[in-house]
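Protein chains in written order, with my numbering: chain D, 1 to 81; chain H, 82 to 981.
Worth double-checking, as some hints may not be accurate.
Here's a subset of chain H near chain D, in silico, CB distances under 7 Å, partners left out [to be verified]:
hint : residue
1    : 946
2    : 950
3    : 951
These are computed hints drawn from the structure, not numbers from a lab.
Where is the CB? At the ideal position from N, CA and C, for every residue including glycine.
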Amino acid sequence: MAKQKSVIKEHILLPEHVKLTDKEKEAVLKHYGIAQRQLPKIFKNDAAIAELDAKPGDIIKIIRNSPTAGQTIFYRGVTDV
Amino acid sequence: MADEEQPKETPEEVQEAPVVAAQQTKQEDAQEKKEKSDIYVGLPVISKKVKAIEFSILSPKLIKKMAVCKVVTPELYDKEGYPVDGGLMDTRMGVIDPGLVCRTDGRKLKDCPGYFGYIELARPVVHIKFAGLILSIIKASCSECGRVLIPANKFDAAKKKLDQVESESGLAARRKAIKDIIASMKTVSKCPHCKAKQPNLTLEKPTTYFEDEKRISPIELRARLEKIPDEDIELFGLSPRHFRPEWAILTVLPIPPVTMRPSITLESGERSEDDLTHKLGDIVRINQRLFENINAGAPEIIIEDLWDLLQYHITTYFDNAVPQLPPARHRSGQPLKTLTERIKSKDGRIRHNLAGKRTNFSARTVVSPDPMLALNEVGVPKVIAMKLTVPERVNTWNIEYLKGFVKNGPAAYPGSNYIVRPDGRKKRITDETKEASLEELQPGYIVERHLMDGDVAIFNRQPSLHRMSMMCHRVRVMPGMTLRLNPAVCHPYNADFDGDEMNLHIPQTEEARAEAEILMEVQTQLISPRYGLSVIGCVQDAISGNYILTRNLEMPRNDALDILYTIGVTDFSRLPKKERVSGKEVFSVLLPDDFSFVGESKARDENRSREVIIREGKLIKGIMDRANLGEGSGLLLRNIHQKYGKDFTLDLLGKLFRLGIEVLFRHGFTVGIADTDLPEDAAAEVRKTLDEARQKVNLFIDEYKNNKLDTFPGKTLEETLELRILETLNNARNETGAIVAEYANPHSFTKIMADSGARGNLLNLAQMAACVGQQAMRGKRIEKGYKGRTLSCFRKGDLMPAAHGFIKNGFKGGLEPWEFFFGSVTGRDSLMDTALRTPKSGYLYRRLANAMQDLKVEYDSTVRDSGGTIIQFSYGEDGIDVSRSEKGMLNVKRIIQAAL
Chain D
1 MAKQKSVIKE HILLPEHVKL TDKEKEAVLK HYGIAQRQLP KIFKNDAAIA
51 ELDAKPGDII KIIRNSPTAG QTIFYRGVTD V
Chain H
82 MADEEQPKET PEEVQEAPVV AAQQTKQEDA QEKKEKSDIY VGLPVISKKV
132 KAIEFSILSP KLIKKMAVCK VVTPELYDKE GYPVDGGLMD TRMGVIDPGL
182 VCRTDGRKLK DCPGYFGYIE LARPVVHIKF AGLILSIIKA SCSECGRVLI
232 PANKFDAAKK KLDQVESESG LAARRKAIKD IIASMKTVSK CPHCKAKQPN
282 LTLEKPTTYF EDEKRISPIE LRARLEKIPD EDIELFGLSP RHFRPEWAIL
332 TVLPIPPVTM RPSITLESGE RSEDDLTHKL GDIVRINQRL FENINAGAPE
382 IIIEDLWDLL QYHITTYFDN AVPQLPPARH RSGQPLKTLT ERIKSKDGRI
432 RHNLAGKRTN FSARTVVSPD PMLALNEVGV PKVIAMKLTV PERVNTWNIE
482 YLKGFVKNGP AAYPGSNYIV RPDGRKKRIT DETKEASLEE LQPGYIVERH
532 LMDGDVAIFN RQPSLHRMSM MCHRVRVMPG MTLRLNPAVC HPYNADFDGD
582 EMNLHIPQTE EARAEAEILM EVQTQLISPR YGLSVIGCVQ DAISGNYILT
632 RNLEMPRNDA LDILYTIGVT DFSRLPKKER VSGKEVFSVL LPDDFSFVGE
682 SKARDENRSR EVIIREGKLI KGIMDRANLG EGSGLLLRNI HQKYGKDFTL
732 DLLGKLFRLG IEVLFRHGFT VGIADTDLPE DAAAEVRKTL DEARQKVNLF
782 IDEYKNNKLD TFPGKTLEET LELRILETLN NARNETGAIV AEYANPHSFT
832 KIMADSGARG NLLNLAQMAA CVGQQAMRGK RIEKGYKGRT LSCFRKGDLM
882 PAAHGFIKNG FKGGLEPWEF FFGSVTGRDS LMDTALRTPK SGYLYRRLAN
932 AMQDLKVEYD STVRDSGGTI IQFSYGEDGI DVSRSEKGML NVKRIIQAAL
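Generate the whole structure from the sequences, applying the supplied hints.
Next up, the structure:
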């Protein structure tokens, strides 16, 4: 299992996923003026964040390569439903 | 302001109103006070989140509580024609006659919403819509004690299991599980609670129940249902608070308000009642007779007959299409439209009234082209212009002007059809009333005058897939029977003139007109939000014309002036003052004199260069063709739009279009078979190419037969051969295409169309002149047909080009029979493919559009849905509004240059 996780993590199609600290989390929510539930969602068991030990309520920052903008940042709230 | 006062007045007036209504007004009043400071003065703003919607059936108690009167007589009106008290048209249930006042709320026609009444049924009656449910509930419960036929120790487990099913796989699964439980109890013959033997209950459709061959009455049924305890009802998926099963057997019947079943007065002055009123009349009549017979102690048979009749009437009142019953009919024999029919199917409330909205002040006919219209104009037939109207309010300054329309009346153009008095009453203008109306007209009145040139209209073609499918045009009233549009705006509407129809809507208020002008006018839609280039450009002849003009045309200055004047140019100072002018100089007249541009054309000039240079408003070098004038291509139009604005661009587009057409008109333009003629040596070259290809294929086949062919990796020998042959033949066809392109007369109009991008391409020309080429199905040569061969005129196993769909002749030379057949095979295949794919992709797009319809870009450039949930953190990941970009990108270089 452990081996499989790392395989997914190194896949070229998987963008970088980072778990935000509480402080960063506050900043993101405040910046967009939203509540946690208004964020796009990611399931807590998602393979991409398996190693981040994310719990519902956390926010994941995704750094993607974009065909239109070069690099973009996306946020997802961790959920278990 | 008037709205603000109303709620304050009503409480006094509604003193006698039913409890529910009074509470509502009080609430609204409170709301009103709270919202006073709000900007929406006068309108009670209700901003509450809907938490849940509960559905329930009416209990007899509730029916009585919400009723304002009891209906006791089938009579409708008395001798004077006033509604009878206690009749079906009782004025306590609302009024439908002008002049009468509702006795419940004191309001008049149109203000009174109407109130429910009720009738007390002499005997209970089964509600047809619940007949099936009643059967399964009674079957699943004990006839003696009313408990569900599940042993007490298993009851909780069953309930728990249902909850578990719901949490695992949803409500639908729970409903299915309930059905299974009920079905499983059919076989239980002894009650597990009181050990009573269970009789066999059956439903004789529609509403008669039998228990062991003996009929049981609704009274008995109701008694059984009453016995079932609340806890057990929950097992059936019903909430006892909202649905006690005995309520499904009617003891009182609500009478809907008069306002939802208004009678109509015929021309003869006779009254014709609504279908529902008719049906309710039947119910009340039979019900009264039943009462009388019961009280008089009539024989049981008579009472039962009447009871059945009452059941029939109430059943057809709810649903007049019950399979086992003859539908209740009018005297004319046409079936009554009762409650279910009102809601159901295409002409029902849902699909007809709620989902199917219709508009007034709209027109629809066939469209046809008129390049002399501006792009933002629409030609409207006079007959339509005299039906569609624009309301204009009379004031002291325009009264004489508006009187002119009234004077003309509805039959002369430009006239008017109606005048509206300040109190909102509409008056039709006819030849008789014309004088009186003219006399009456004064400031404050509204004249609905005929549509005139310059009026604002919204033009639309279905399917309305993007915002350019509905644009605002200016009206041009013209003779004829079709709506006219400039062919250049066909592209955004995706219209052509093979019989297409389009719709026209006339906005009726200043606000609507302003909104249409600012947001929807054609010039505001020039740059596509999909790809950031102009969606409107030259097409077809306009491109050919500009190509011919700018390639190497010369003409006397007078001819040039003539052309320019025809297309709408009046300032000729930019045309060089010399005897003969070049086409490029004529074209340059249209360009602004400080415009510079460098780009590429599609076609090559004599020196095989594709460069296009415009300097200081002069076309110095290059050919204008589709690459620069066409829709969705090239930055020429985009840059002009950027620099000179939408109105200039729109005007320029119209002129460019007309210029192309006008040039063709004077130059002459035609196509003929001779366009595809090849010089003798070119034809020989084509023959040689095809011959060589055939020999090469022969060689491959020989190698294959002698097993000398090198196989491609991962392919079988046969596959390799096929690939080789296909490649050879395709190359041969391409070579013939190149030969045709080289030798084709560059002055032939077919070639001009292909070069300029107006229509067709070189491949089409080559197919006509030289060789149609290989017909392929699914990327392979044709293999279908007989065993081992495609057609019976070939030998089995023949691998030669001709036997597998290679058409070596051109269309002009004529096809061999088998070649024609192969052409038909692929033709049919692609026809089926498009016919099947179009609706599928259309539906796919529709679903996508519906799913995304209320997403919106907020001021912080995030994309959010109506609930505020973020979909994208920056629109399109780069935050660029494509309709303000150049081909989806920002031209940073130019922006910096402009800033310096």
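Consistency of the hints with the structure:
no.: 1; hint: 946; in the structure: violated, 9 Å
no.: 2; hint: 950; in the structure: holds, 5 Å
no.: 3; hint: 951; in the structure: holds, 6 Å
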